[in-house]
Structure formats: C-alpha cells, structure tokens
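Let chain A serve as the given structure and place chain B on it in line with the hints.
Protein chains: 2
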Amino acid sequence: MHMISLASRRVHNQLRTHLTRAVTLSQSSFFSHSSPTMRPLVAADLNPAIANVQYAVRGELAIKAEEHREKLASGTTDLPFTKVISSNIGNPQQKGLDQPPLTFSRQVAALMEYPPLAEVVRGKWPQDVLDRAKELQEEIGSIGAYSHSKGVPLIRKSVAQFIEERDGYPSSPEHIFLTAGASAGVSLILNVLITPNVTGVLIPIPQYPLYTATLAQFSGIPLPYHLSEPDGWSTSLEEIKSALLKAEKDGAHPRALVVINPGNPTGAILDRATMEAVVRLCEEHSLVLLADEVYQANLHRPDTHPFHSFKQVVRALNSPIPLFSFHSVSKGVTGECGRRGGYFECTNISDEVLALLYKMASVTLCPPLSGQIGVDCLVRPPKAGTPSYALWKQETDAIHAALRHRTQLSAARLNALPGVSCVDSPGALYLYPKIELPDRAVEEARRLGKSPDALYALELLDATGICVVPGSGFGQKDGEHHYRLTCLCPGVEEYVGALEDFHKKFVEKYGGL
Amino acid sequence: MHMISLASRRVHNQLRTHLTRAVTLSQSSFFSHSSPTMRPLVAADLNPAIANVQYAVRGELAIKAEEHREKLASGTTDLPFTKVISSNIGNPQQKGLDQPPLTFSRQVAALMEYPPLAEVVRGKWPQDVLDRAKELQEEIGSIGAYSHSKGVPLIRKSVAQFIEERDGYPSSPEHIFLTAGASAGVSLILNVLITPNVTGVLIPIPQYPLYTATLAQFSGIPLPYHLSEPDGWSTSLEEIKSALLKAEKDGAHPRALVVINPGNPTGAILDRATMEAVVRLCEEHSLVLLADEVYQANLHRPDTHPFHSFKQVVRALNSPIPLFSFHSVSKGVTGECGRRGGYFECTNISDEVLALLYKMASVTLCPPLSGQIGVDCLVRPPKAGTPSYALWKQETDAIHAALRHRTQLSAARLNALPGVSCVDSPGALYLYPKIELPDRAVEEARRLGKSPDALYALELLDATGICVVPGSGFGQKDGEHHYRLTCLCPGVEEYVGALEDFHKKFVEKYGGL
Numbered sequence: 001m002h003m004i005s006l007a008s009r010r011v012h013n014q015l016r017t018h019l020t021r022a023v024t025l026s027q028s029s030f031f032s033h034s035s036p037t038m039r040p041l042v043a044a045d046l047n048p049a050i051a052n053v054q055y056a057v058r059g060e061l062a063i064k065a066e067e068h069r070e071k072l073a074s075g076t077t078d079l080p081f082t083k084v085i086s087s088n089i090g091n092p093q094q095k096g097l098d099q100p101p102l103t104f105s106r107q108v109a110a111l112m113e114y115p116p117l118a119e120v121v122r123g124k125w126p127q128d129v130l131d132r133a134k135e136l137q138e139e140i141g142s143i144g145a146y147s148h149s150k151g152v153p154l155i156r157k158s159v160a161q162f163i164e165e166r167d168g169y170p171s172s173p174e175h176i177f178l179t180a181g182a183s184a185g186v187s188l189i190l191n192v193l194i195t196p197n198v199t200g201v202l203i204p205i206p207q208y209p210l211y212t213a214t215l216a217q218f219s220g221i222p223l224p225y226h227l228s229e230p231d232g233w234s235t236s237l238e239e240i241k242s243a244l245l246k247a248e249k250d251g252a253h254p255r256a257l258v259v260i261n262p263g264n265p266t267g268a269i270l271d272r273a274t275m276e277a278v279v280r281l282c283e284e285h286s287l288v289l290l291a292d293e294v295y296q297a298n299l300h301r302p303d304t305h306p307f308h309s310f311k312q313v314v315r316a317l318n319s320p321i322p323l324f325s326f327h328s329v330s331k332g333v334t335g336e337c338g339r340r341g342g343y344f345e346c347t348n349i350s351d352e353v354l355a356l357l358y359k360m361a362s363v364t365l366c367p368p369l370s371g372q373i374g375v376d377c378l379v380r381p382p383k384a385g386t387p388s389y390a391l392w393k394q395e396t397d398a399i400h401a402a403l404r405h406r407t408q409l410s411a412a413r414l415n416a417l418p419g420v421s422c423v424d425s426p427g428a429l430y431l432y433p434k435i436e437l438p439d440r441a442v443e444e445a446r447r448l449g450k451s452p453d454a455l456y457a458l459e460l461l462d463a464t465g466i467c468v469v470p471g472s473g474f475g476q477k478d479g480e481h482h483y484r485l486t487c488l489c490p491g492v493e494e495y496v497g498a499l500e501d502f503h504k505k506f507v508e509k510y511g512g513l
Numbered sequence: 001m002h003m004i005s006l007a008s009r010r011v012h013n014q015l016r017t018h019l020t021r022a023v024t025l026s027q028s029s030f031f032s033h034s035s036p037t038m039r040p041l042v043a044a045d046l047n048p049a050i051a052n053v054q055y056a057v058r059g060e061l062a063i064k065a066e067e068h069r070e071k072l073a074s075g076t077t078d079l080p081f082t083k084v085i086s087s088n089i090g091n092p093q094q095k096g097l098d099q100p101p102l103t104f105s106r107q108v109a110a111l112m113e114y115p116p117l118a119e120v121v122r123g124k125w126p127q128d129v130l131d132r133a134k135e136l137q138e139e140i141g142s143i144g145a146y147s148h149s150k151g152v153p154l155i156r157k158s159v160a161q162f163i164e165e166r167d168g169y170p171s172s173p174e175h176i177f178l179t180a181g182a183s184a185g186v187s188l189i190l191n192v193l194i195t196p197n198v199t200g201v202l203i204p205i206p207q208y209p210l211y212t213a214t215l216a217q218f219s220g221i222p223l224p225y226h227l228s229e230p231d232g233w234s235t236s237l238e239e240i241k242s243a244l245l246k247a248e249k250d251g252a253h254p255r256a257l258v259v260i261n262p263g264n265p266t267g268a269i270l271d272r273a274t275m276e277a278v279v280r281l282c283e284e285h286s287l288v289l290l291a292d293e294v295y296q297a298n299l300h301r302p303d304t305h306p307f308h309s310f311k312q313v314v315r316a317l318n319s320p321i322p323l324f325s326f327h328s329v330s331k332g333v334t335g336e337c338g339r340r341g342g343y344f345e346c347t348n349i350s351d352e353v354l355a356l357l358y359k360m361a362s363v364t365l366c367p368p369l370s371g372q373i374g375v376d377c378l379v380r381p382p383k384a385g386t387p388s389y390a391l392w393k394q395e396t397d398a399i400h401a402a403l404r405h406r407t408q409l410s411a412a413r414l415n416a417l418p419g420v421s422c423v424d425s426p427g428a429l430y431l432y433p434k435i436e437l438p439d440r441a442v443e444e445a446r447r448l449g450k451s452p453d454a455l456y457a458l459e460l461l462d463a464t465g466i467c468v469v470p471g472s473g474f475g476q477k478d479g480e481h482h483y484r485l486t487c488l489c490p491g492v493e494e495y496v497g498a499l500e501d502f503h504k505k506f507v508e509k510y511g512g513l
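One line per chain: the protein sequences are A and B, in this order. The numbers in the UniProt record's numbering rise by one with no breaks, and the one at position 223 of the first sequence is 223. The numbers in the UniProt record's numbering rise by one with no breaks, and the one at position 335 of the second sequence is 335.
Among these hints, one or two may not hold up.
Pairs count within a copy or across copies, as identical chains cannot be separated in the list.
As the list claims (entries may be wrong) - The calculated DSS-like cross-link candidates involving lysine-lysine, where the alpha carbons are at most 27 Å apart (straight line), are: (1) K359 / K477; (2) K83 / K95; (3) K134 / K157; (4) K157 / K71.
Simulated from the structure, these hints should not be mistaken for lab results.
So that you can see chain A by itself, here it is in the shape it has in the complex (with noise of 0.2 Å):
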C-alpha cells in the first residue's frame, strides 16, 4: 500500500498544482476582441518535471567560466590567470586541451564530405582511408541523406562484429541501435522505460548528472546506492540491496538499474565477480539494466583492472536479464564529442520492445551521420599491416600514456595534500578527490546558500582559472566534500600546481582544519 500512496500523492500534487493554474487561465477572456489580455510566458508556466532538471556539469561553475573566457578574449586584465582550464567536462579536443583527433577517421570523414576529393589525395594519403571511404559512400550514398533510423545497416553490422570480437558471444546488427552520442541513448531507454510518477530507477552515487537530469525531465524516481569511497569507489552489492528495500518501503518501483563502468565520476572499475552478482540481483528483482560503458577503452592498468562488459557477463552466465549497453565515440581514444556518435546494443530485448525502440527512433529521424561515421572508425579501426595502422597506434598510444601519467600524478600530488584524499583511478577521465574543509567555509558557505564544495570551486575558479564540477553535482554522503576534475590537461605539473597552491590558500584564508 505503501507503493500507491507515494505515487498516489505525487500524481495528486501535480495535478492540483496544474488545475490551480488552469483554472486561472480559463477566466482569462475567451474571443475577447476588444482587449487582448495576452499573458507572457514565464517559467510557472512550464511542465513542472523541468524545474527538477539539474546538470551540474555544465551549470553556474560553467557559466561563470564562460564569463572569465569572454573576458580574456576581450583584453581584460584584472584576471589573476590567462586562460580558463574547462575541467569540468570531459572533452578532449576543447581548445586548450586539443587532444588531436586520430588521422585515420578524419581523413575518412573528410572523403565522406566531398568525396571528388579522392582523386586530390589519391597516393598521398593512405590507401585503407580511401578504400574505407569508399566502402562506405557505397553502402551510404551521400551523408547529406537521413539514413535508416537505426543507423545504416552496415555500420551497425560492424558494432556487431566489435562485440563479438572483445566479448566472444554472438552480436546482431539488429539489436543495435546507432544514436547521437550514448546520452541520447540513455534518454530514448529511459523514455521509455519510465512510466511517470511510478518507475524507479537505481543510481550510483556519486552518478553522472546525465541519470538524474533525464529522470527529472521523465519523472521517475531516482534510487540512489552509494559506492564504497574506501574500497576504490567499488559496487556495493549491500548497499544496492538496501536501496532496493528503501523504495520497497518509500513505495516506490524499481524497474531498472545502472551501472558506469568504468565510472563517472569515479574512474572505478568493476570486477568480475561483483559484475556477476549485479546480474543475479537483477535477477531477481526482475531489474532492466543499463551498462554506460563509454570509458571502456579509458583503461590506465589493464592487467590488474581489466573491463568486462556486462554483455559478456549476462552471457556467460546465460542470464535472461533484460540489458542496454551504451557506447560512444565521445571518450576512450577517440574523443570526438562534437560529432555525437554512439551506439546500444539490446541484450534480451524481445522483438516487440526491440519494434517500439525502432518506432522511437523513427521520430527522430536518424542519428548524426558525421557521428555514424566516427563510429564505423571507432569499431574498425586501422589493423595492423594495413597503411594507417603505425600513425594510428602510435597516436592512440600517445593518448593513453598521456592520460595515464596525468592521472597517477595528479592523484598521487592531491594525496599528498592535506585534507585531501583521492582514490587513484583505474579507469575513465577523472578524478574524484575527497576534501575536508575548514568549518568556517563551510558556514560562509551556508551563509551564501551555496553547498560547501561549491564554494571551493568557485573560488578555484576565480583564483585559477581551473573549472571543475562540486561533489553536490554528482551526489555524496551528507556532510562529504568533492570535487571532480578531467585528467585531460597537459602540462599537467603546472596545473596540479595550481590546484595544490590554491587549495593551501584556501584552507588558510577560512581558518585552517
């Protein structure tokens, strides 16, 4: 009973909240030619699920350092840093950062732009771009065309065979659905998942704000289970478990789970075994689940933590649970968030859901073809032999030593700082680093109806010039203080450097710890 009177109420709200103002309108003169009465558009206006989106990620703190940019673009000089580090997003190939894109795919998605331009480079670039690119335009025709809305066949037909090759289990081109980054796909499946005011959905905490905006904006209810900061931000099957029975009691139904692996914001990588017994858990509480896998080529120590996806786990252990994997060419090696490309693979999805996903899809036509292309790159690329291979791997080489050393430095140099705990990320772009604060920051920070970590950023930000997103944007335990920052800068001792001289000064300016 306890589940009907949640959702009861909830539904009851909203409805008195909206008849209150339609009634109001409804008194509003109606074929009144005389004297418009026209009422502007104001946010109390709006569905109400809006209010509650929130996303961090690009919130005040972005905001803000968008200003700084203007700024220093415009000449300004009272600015105690020249330029502004966007820490806060993890974009590789943002100005300031400019991870290169790798040769192989440009060169290929230049020739689908204009493809006479085969005959200019014809013996100048290598001869596996030219074949790939025209592969493709014969299957594709012009990617000025919408294509079918799952994505085209063979691109998908090649995610196939990606899967098969890393998990060792057969993959269908049909189960694929190609997408405009891996966000997009997490909010069709959450569309459709979600039956409003009644569906809830477990989360990690701390989660990528994506999850909770697009629960905000669909109306389900947000489960949270909170990973285990001193084991590695590991999984806790415990505390899944008593989230599970939490909105047992709170009336809530929970209907999905999912899981980042590698994570975000924690850079954590699951293990086999708790990768397993999340299958069975979801087993048995008959649970959908959603595996965000962007980061699974972001792997920093492969031989002690190693990815499995959850496909091949489900598989396996011959599991009939019902699964969503995403992926994208936003992160790993690649980087290309500008192209929004991604791509679900469907595990367990009977024909009939598989039809209303398709149905979906179709509404919104097709997906990026400059997305779709990347993702063809990201899942073949260059073999070894073939003429692209040697730059290729020794781009992607570069990529993952950079990241790498980036984040062991800055992990170690933040530990050493007092008040200042992070776990060393096995995996993903980012950090998460604990931090204790004075008691006076935190009260000046109550003062100013701001949360305590996102005082600190700010003020890094005005100090630095480094954004970064609080621990409040990601969630955390009551009273916890975080930070998440990308491992995507280079010169990455001055920037560290600042972090460390930064933090110093604040711990001392609000009275020490």
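Then chain B, alone, in the frame of chain A:
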C-alpha cells in the same frame, strides 16, 4: 469544471493501470536467492505514453519498402520493378534521388574535418572556402569538441544576421539555439511547454506527424484544426477558433499553436493577412506560437506566393506573443538531412524561460558540429562577387527549377486522373492529392483492418516500388483519402506515369468509381 474532470480522469486512469501492475510486481519474491523469478521486459511494462506514438512517415510502408530494397539488392527478380523510390520522406540526397550537395558547404565541411587538407587544396579550391573554414576553425577549434550547448557563438551570430536581413528587425544570438535538425528543437520546446495530460496544443490537419508523435510522447493533448483543401489548404481562423471552443468544452487547456509554413504535407503558404490574424488570435488566447518554417526557401511561385516569417509579422505588429521559429539544413536547396542541423529563434521569451531552455539543451551537451557547420553555410552562402558564387548559384538554381518543374508537372498529371484532385503546391517538397476510392476498395481495407489509403499505398508500393505515405498518417476529414508524395524524384515523367498506370488499374481492380 470540465477542465478538471477531463484531466483528472486521464491521470486517474493512467495511475490505476500503473498501480495494478506495480502491485502485481511487488508480489514477486524479495531477496529470494533460491529461485530467480525474472520476468522478461514486455511492452506492457513500458511508459504507456510510448504506445500512443505514431510516426507514419517511417511506418509499415517504409519497413516494407526496405524489405523490397533488400530483395532487389540480393538479386530477386520476382518484383515488378527494378528499384524502390522512397517518396515517403523529404530526403533529397538519398540514393536514387541523388540531389547533389552544394559544393561550397561540402568543401568547407571537409576542411573542418581535416584542417591539414588546406595545404593540399590551396589554389585548387576557391579562396572563400579556405577563408570560411579558417574562420570557423579559429572560433571552434576542433569539430571533435563539444561546443556551447546552444551552439557555437559565431554561428548563432550568423543566424541572427541572416534573420535580420530576411526580416528587417533585430535578432540576437542569445535568442538562437542551434539544434540537431528542426525536429530536436520542436521536441525540446514541446517537452518544456507540456504539462502531461493537461496542456493542449493546436495542430493543423493534415500535419507533419512529428507533432502528434511528440505530443503523444510527452502526454500533451492534440487539438486539431483543419486546413481548407478547397482554398488550396489555406489556414482558416474559423477552424482554429472552433478547435479552441471544442477544447474548452472538452476541458483541455490550449497553450500553444503550431503552424507549418510552407505546409507539410500540403505545400501551402500563408498569406500575410492570415498570419496577422493568427498572431492576434494568439494574443487573445495567450497561445505560444510554434512556427515550423523549415521550407521557407522552397518557393515555386515566389511572386504570387512569397514567404513571410512569423518573426517579421510579430515584430511588424509589435505583438507580445511568445514565438518559437524553427529552421533546418535538411530542406530548402541544402537538403542536408543527414547532418542533423537546424536552429530555433525565441521571440518574446523571458530570460527565465531562456535559462530553462539552456539548461535542457545542456543535458544533451551540444548539437552535432557537422550540423552546426551546415547551419553556418545555410545562413552565410557565397555572395555575388566571391569565387564560389557562380557555382553555388548554378547549383541552387538547378535545384529550385527541378523541384518547381516536378511539382507542377506531377500536379497537372494527377489532376487529370479520374477521382484524383491535387492542389498545385506553391511551396515545400510535397503534393497531397485527394483520391476517391472504389467502394469495394474501402470494404477490402476494412476487412484487412487498414485505412483505405493505406491499402492504396501498399498496393502502389508492391506494383511500382514507389513508397508514399497514406493521408491517414497526416490526418484528413472522415471519409476522405489522400497520400503525400515528395517531388524529389528525377525522371518525373516515368515516375508520374507509374502513378497514373497504377491508379487506373487499382480503380479498375476494385470495380471502378
């Protein structure tokens, strides 16, 4: 009170359905490790709003067309045609239609993909192409980076300039949002405007099914108003008013009005007097106007049927109505559907609401950069006197001329058929002929559980390989039958000949009119 009872009943019924399900689920064992009771994911588990989404443009017929295409590709020869012509989608660059992309835009795009290419093509490609790419690169950096969530500032500035030059009124880049095609913009605005099961949106009938699909997705209430076919599918204020009266009776709360101008599927263009009356009506009824203007450059008789933007009319009338205007790179003479590029402009929208829209845009990170580059080339085409101009002019003139010729020839020939009448569209890419069908065909359709025009369209596809969309997908008056066909097919004589032959045989097969 009508308003309360309808919305309340809807929400109540929806809630009852969900709770019945939720209670059933809660009976499954909780934490039973011994016997997993995994239920498969079935459509009945999903968001009930999704079941109501219909999108005929890519529905049953499109799927069958795909099957025919696959058969032909695999060498099947038992079909009475040699190619499938997808006249169901306004997709100019698709295989078989092959409208060539504009050289200027594609050369710029290729340089953006692979900047070192500039050294290879310098002196070979026009200098204005190299200059444009350089300007964009300096602003954007890598197109593999996320941009500002509203789109690259320089490109939004170019859009604002384009609008100012078009309308003669100011436009601000701050009021422009770049989007993944116009569809993504429409979806965002409807999601934000619609309070589920409460908000009514006036939509033209016939309409582009994006609107009914998106309303179903977000549980908005469609309030149809009929366009007047005898007057060339004109927009009738009386029809809108009677839809408003009906909404009041039904207890739906009208909050927004959709106008598609030039029309889809009708190709009609609103005259200025009608537009002014529409704006006044929005003032009187506090309606937000959604102006879908993606076909603004597809004008076949601009002297007698010019395009005016609603932004221009709103400003000329000094009207306070909130207006969202949509445009796209997919239509016009650009035809770059696969890039997923477009924008919307906000007029008379408060900063508070703009901030909410920005927040929602930020959750999807950014529109694809390839689409944004496409928007730049759409709003800043080569000007007279620049090196790329002559070719650009030749290419765009040819596309305009071909579309005009195909539209007029097809309309004339269809009008000569018994039982067919067809408004000779002055704009957009479509014709929407009305067809009288033999009684026996109507009976046969009823027997098969199909709409009569769906039967007609299916038999047309099986006989000729031409895929059109039945009128039932766009909406029409009871007892009427239509279909929409695109006017993008080269070899229009042969194409219309096939339509004629089929029509005569169909009428004969079912016993005549």
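Results of checking the hints against the structure:
no.: 1; hint: K359 / K477; result: between (40 Å within a copy, 25 Å between copies)
no.: 2; hint: K83 / K95; result: within (10 Å within a copy, 47 Å between copies)
no.: 3; hint: K134 / K157; result: within (17 Å within a copy, 36 Å between copies)
no.: 4; hint: K157 / K71; result: between (48 Å within a copy, 18 Å between copies)
Comparing the model with each numbered hint stated earlier shows that all of them hold.
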